[in-house]
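Asker: Start from the sequences, fold in the hints, and give me the full structure.
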Amino acid sequence: MGKFDKYKIDLKGMQTDSAKYEFVLDNLYFAHIDGPEVQKGKVNVTLNVKRTSRAFELSFQTDGMVWVPCDRCLDDMELPISSSDKLMVKFGHEYAEEGENLIVIPEEEGEINVAWFMYEFIALSIPMKHVHAPGKCNKAMTSKLSKHLKTNANEDSDEVFDTGGDDIVIEEEVEEQIDPRWNELKKILDNN
Numbered sequence: 021m022g023k024f025d026k027y028k029i030d031l032k033g034m035q036t037d038s039a040k041y042e043f044v045l046d047n048l049y050f051a052h053i054d055g056p057e058v059q060k061g062k063v064n065v066t067l068n069v070k071r072t073s074r075a076f077e078l079s080f081q082t083d084g085m086v087w088v089p090c091d092r093c094l095d096d097m098e099l100p101i102s103s104s105d106k107l108m109v110k111f112g113h114e115y116a117e118e119g120e121n122l123i124v125i126p127e128e129e130g131e132i133n134v135a136w137f138m139y140e141f142i143a144l145s146i147p148m149k150h151v152h153a154p155g156k157c158n159k160a161m162t163s164k165l166s167k168h169l170k171t172n173a174n175e176d177s178d179e180v181f182d183t184g185g186d187d188i189v190i191e192e193e194v195e196e197q198i199d200p201r202w203n204e205l206k207k208i209l210d211n212n
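If you read the sequence shown in this note's numbering, its first letter stands for residue 21, the second for the next number, and so on.
Each hint should be verified, as a subset may be incorrect.
[Said to hold, decoys possible] Keeping only pairs whose Cα atoms sit at most 30 Å apart, straight-line, the calculated BS3-like set for lysine-lysine is:
| id | residue 1 | residue 2 |
| --- | --- | --- |
| 1 | LYS40 | LYS110 |
| 2 | LYS28 | LYS106 |
| 3 | LYS26 | LYS110 |
| 4 | LYS62 | LYS167 |
| 5 | LYS159 | LYS149 |
| 6 | LYS110 | LYS32 |
| 7 | LYS149 | LYS167 |
| 8 | LYS28 | LYS40 |
| 9 | LYS70 | LYS40 |
| 10 | LYS60 | LYS106 |
| 11 | LYS110 | LYS23 |
| 12 | LYS23 | LYS60 |
| 13 | LYS156 | LYS167 |
| 14 | LYS32 | LYS60 |
| 15 | LYS70 | LYS106 |
| 16 | LYS110 | LYS70 |
| 17 | LYS70 | LYS32 |
| 18 | LYS156 | LYS60 |
| 19 | LYS167 | LYS106 |
| 20 | LYS23 | LYS40 |
| 21 | LYS60 | LYS159 |
| 22 | LYS23 | LYS70 |
| 23 | LYS26 | LYS70 |
| 24 | LYS156 | LYS62 |
| 25 | LYS164 | LYS207 |
| 26 | LYS40 | LYS106 |
Hints are computed from structural coordinates only; laboratory data are not their basis. What you are looking at is a predicted structure, and each value in this text was computed from that prediction instead of being measured.
Answerer: So this is what it looks like as structure tokens:
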């Protein structure tokens, strides 16, 4: 029995017009799938398969937690995920992906392995930016990061930047040169 045999759905042998499958994806699943986005997690997936006149509609409901590296300090962080996704499957002569959500599988095989599709749905539900809440990042890493973010103007100072917020921002004091004519106009406005 292969690593992902339990994720095979026999569409050709379906006795009823609909079927429901429940999967719990754990650390072992993520280790076997060997995808770059998620290495660990615990995700519950409910798969509803519905036979239509010419195809099968697979509806995935995904809920759980995954552990991904923080974009700022690189420590693992828990990230809740939830998604609802659909995949259409129809029979044909050979395997083909005909669109974003349409898969053709050989009719003689009559089954589809949904292991990789579930992983893709999970990976796509992860936000582009994932950082710890303010103040939760690894202090040693953020202090090293702040040392490398000093600008040329203040490289000699020992000032440490606050990295507890959403973004690391370097503020530079810039003296604005205001045209003296504007100051004269402001005086006229103030007199009225």
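Asker: A separate judgement is required for each hint: does it hold in the structure or not?
Answerer: Right, here's what the structure says about each hint:
With a C-alpha separation of about 18 Å, the suggested pairing of LYS40 with LYS110 holds against the 30 Å cut-off. Taking the CA atoms of LYS28 and LYS106, the gap is near 17 Å; set against the 30 Å cutoff, the hint holds. For the proposed pair LYS26 and LYS110, the alpha carbon gap of about 21 Å is at most 30 Å, so the pair holds. With a C-alpha separation of about 36 Å, the suggested pairing of LYS62 with LYS167 is violated against the 30 Å cut-off.
Pair hint LYS159 plus LYS149 holds up; C-alpha atoms about 19 Å apart against a cutoff of 30 Å. Distance hint between LYS110 and LYS32 is fulfilled; the C-alpha atoms sit about 10 Å from each other, no more than 30 Å. Restraint check for LYS149 and LYS167: the C-alpha separation of about 22 Å stays at or below 30 Å, so the hint holds. A threshold of 30 Å between alpha carbons decides the hint, and for LYS28 with LYS40 the separation of about 13 Å falls inside it, so the pair holds.
A threshold of 30 Å between alpha carbons decides the hint, and for LYS70 with LYS40 the separation of about 9 Å falls inside it, so the pair holds. For the suggested pair LYS60 and LYS106, the alpha carbons sit about 24 Å apart, so the restraint of at most 30 Å is met. Between LYS110 and LYS23 the CA atoms are separated by roughly 25 Å; this keeps the pair inside 30 Å, and the hint holds. Between LYS23 and LYS60 the alpha-carbon distance is near 17 Å, which keeps this suggested pair within the 30 Å criterion.
With a C-alpha separation of about 19 Å, the suggested pair LYS156 and LYS167 falls inside the 30 Å cut-off, and the hint holds. Among the hinted pairs, LYS32 with LYS60 is inconsistent with the structure: their alpha-carbon atoms are about 33 Å apart, more than 30 Å. Pair hint LYS70 plus LYS106 holds up; C-alpha atoms about 11 Å apart against a cutoff of 30 Å. Distance check on the hinted pair: LYS110 and LYS70 sit about 12 Å apart at the alpha-carbon level, within 30 Å; holds.
The straight-line distance between the Cα atoms of LYS70 and LYS32 is roughly 12 Å, inside the 30 Å bound, and the hint therefore holds. Taking the CA atoms of LYS156 and LYS60, the gap is about 20 Å. The hint holds against a cut of 30 Å. The suggested pairing of LYS167 with LYS106 is violated, with an alpha-carbon distance near 47 Å, which exceeds 30 Å. A distance of roughly 21 Å separates the Cα atoms of LYS23 and LYS40; the hinted pair therefore holds under the 30 Å criterion.
Between LYS60 and LYS159, the direct Cα distance comes to roughly 23 Å. Compliance with the 30 Å bound is thereby established for this hinted pair. Proximity of LYS23 to LYS70 is assessed by CA-CA distance (about 26 Å); at most 30 Å being required, the pair is judged to hold. A distance of roughly 19 Å separates the Cα atoms of LYS26 and LYS70; the hinted pair therefore holds under the 30 Å criterion. Distance restraint check for LYS156 and LYS62: the Cα-Cα separation of roughly 22 Å lies within the 30 Å cut-off, and the hinted pair is therefore satisfied.
Proximity of LYS164 to LYS207 is assessed by CA-CA distance (about 48 Å); at most 30 Å being required, the pair is judged violated. For a cut-off of 30 Å, the pair hint linking LYS40 to LYS106 stands: about 14 Å separates their Cα positions.
Hint compliance for this structure: hints 4, 14, 19, 25 are broken, all remaining hints hold.
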